[in-house]
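Asker: Listed below, chain by chain, are the residues.
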Amino acid sequence: MDHYTTLHSALLQQCPESSAQWLDQVLKSIESTSDPSAGHQIASAMARRKLGDGPFNVTLVSAEGVSSEISHWLCSDAARILLALALVSVTEQALPSLLSELYAHGDERERAALLMGMSLLDQNGQWSTEAEDCCRTNSLILLAAIGMNNPYPARHFASRAFNQLALKSLFLGLNIANIQGLRGRRNSELSMMCAGFIDERVAAGRDYPISIWLAIRMSDCTPDTYPYMAACLVSDDANRRYYAAASLLQQESIPAAIREKIHQQLEMEADDRIRGVFQKLTESEGM
Amino acid sequence: MKYFDPHVHMVSRTTDDYENMAAAGIRGVVEPAFWQGQPRTSLGSYIDYFDLLLGWEPFRASQFGVLHYCTMGMNPKEANNRKLAREVLDILPRYLAKDGVLAVGEIGYDDITPEEDEALLAQMAMASDFDLPILIHTPHRDKVGGTKRTLDMIRDAGTAPEMVLVDHLNELTLPLVLDSGVWRGHSIYPKTKMSESRMVELLKQYGTERMVVNSAADWGQSDPLKVPKVGQAMLESGFSEAEVRKVLFENPIEFYAQSGRITLAEVERPEIDQTQQWMNNSVLRGQAPIVEG
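Residue numbers (my numbering), protein chains in the order written: chain A, 1 to 287; chain B, 1001 to 1293.
Calculated directly from the structure, the hints in this document are not laboratory data. Accuracy of the hints is not assured; some may be wrong.
[Stated by the list, open to error] Below, computed lysine-lysine pairings styled on DSBU-like, alpha-carbon distance capped at 35 angstroms:
#, chain 1, residue 1, chain 2, residue 2
1, B, Lys1002, B, Lys1083
2, B, Lys1143, A, Lys50
3, B, Lys1083, B, Lys1229
4, B, Lys1002, B, Lys1229
5, A, Lys50, B, Lys1193
6, B, Lys1204, B, Lys1229
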């Protein structure tokens, strides 16, 4: 099933009848008039009042057959993405200029919906430069919309922009475990910037984000970083221990000093979930 | 005590003001689209300003737990740049459709010119198209003449008076609007126009029905805490807490609720981090999602 049909039927199922009727009415007006943009603009503006911010669940299947469960979209987001898909399918305007126009004319929530649905709207990454520019926002809602639980940046962002997204997310306290495809996009610049960020925070006597290790390849870092990792593995904060350990599962190789720490902590770890990760680590390393 | 300031130009105020307003009990504000002190010279200026009323300013307000709404419109003063005003009127509809836009305004008269007539008429028609109430600015010079002319326009257009809030009223102009059925707005300033004590006298004389009070605080000498200060003056002069709440919280919200885009309930509820309101907690600083090995 194509994404439009999947979204459309999910919305019809999950929204009250009056909202569904309104939605079908405006979809029809977009798909059948000579000025689809005008109809789309008003419908998109009204969509949150009509569909509401109730939770929305859908499973999207990619062209390669990979399923992803979308659970952070709201009905209003899904409706706006559907409306944009409808407009894209009938417009004669080139996709990049259309997306720029939709983004410029949207309010913050409309813009967020476009960013959330960007991998559906722009499958080939034609709008990627502009999308990278959207990360310059001061709005946490917009940054989270493009950066969190969204396959688009990992697929289409240039290296520098992807790194900045990861770093800015860390700065703003977002959990980068939610950056899809982060593992495959790790690189030495990103590792070094994150290691530098840890240094800065430690020097300032402040905590650093617990998810930061997910952006770091230990092999890119100097041994100066190892004590920080070691400290996280034995931290009082269970989430900090979890992320540090889980990030080690993503490493090509683990430094000896860290391997020692893993062994130590395996004996002492009280949390089942975390002990499971340590177990996996020792097995995979043949430790 | 909770307050709502239905007319305040927060774009010209600092975050200190937001902090003080929040501390004084102001839960929400409406910021009418207006001029910026110095004439705009291009459509782009209006577009950026309108976008700011929908984006940056609500974000700034949210940092202090204050809900920020706006009205959109072509203000009377700049309506006199007819060519530019027409360009603005062309793009206004897309803004009137947006969430958080509670009315067409502030529109009305400044100098009372044919250009101002034109803009006022066009926007009254748009208000009808979008089912939005109207916020009317009465002029500071020839206020009586301007108010009378505005009432005539409203009547001639067949606009339902309960959908209209006539603002910046005083002892001379309030009696003019009493019988028309419109809502009655009063702006309280530190040195000029209306004061807290004069406002209390008006409330004593004319009652609390459809009476609305605001600070209209802007870049000039003004005080964004005037609404709570009027509340205090009301209590001191014998009004009950219920009456204070009616005039300074319920009335303005009830007027704007006619837009279908604000409710009393949503302004009553406790502060919520807006980003957490719509994104799953696990995405932000909260719980840890599972990481695949």
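Asker: Now tell me if each hint is right for this structure.
Answerer: Status of the hints after comparison with the structure:
no. : hint                  : verdict
1   : B:Lys1002 x B:Lys1083 : violated (43 angstroms)
2   : B:Lys1143 x A:Lys50   : violated (40 angstroms)
3   : B:Lys1083 x B:Lys1229 : violated (42 angstroms)
4   : B:Lys1002 x B:Lys1229 : holds (12 angstroms)
5   : A:Lys50 x B:Lys1193   : violated (41 angstroms)
6   : B:Lys1204 x B:Lys1229 : holds (16 angstroms)
Checked against the numbered hints given earlier, this structure breaks hints 1, 2, 3, 5; the rest are met.
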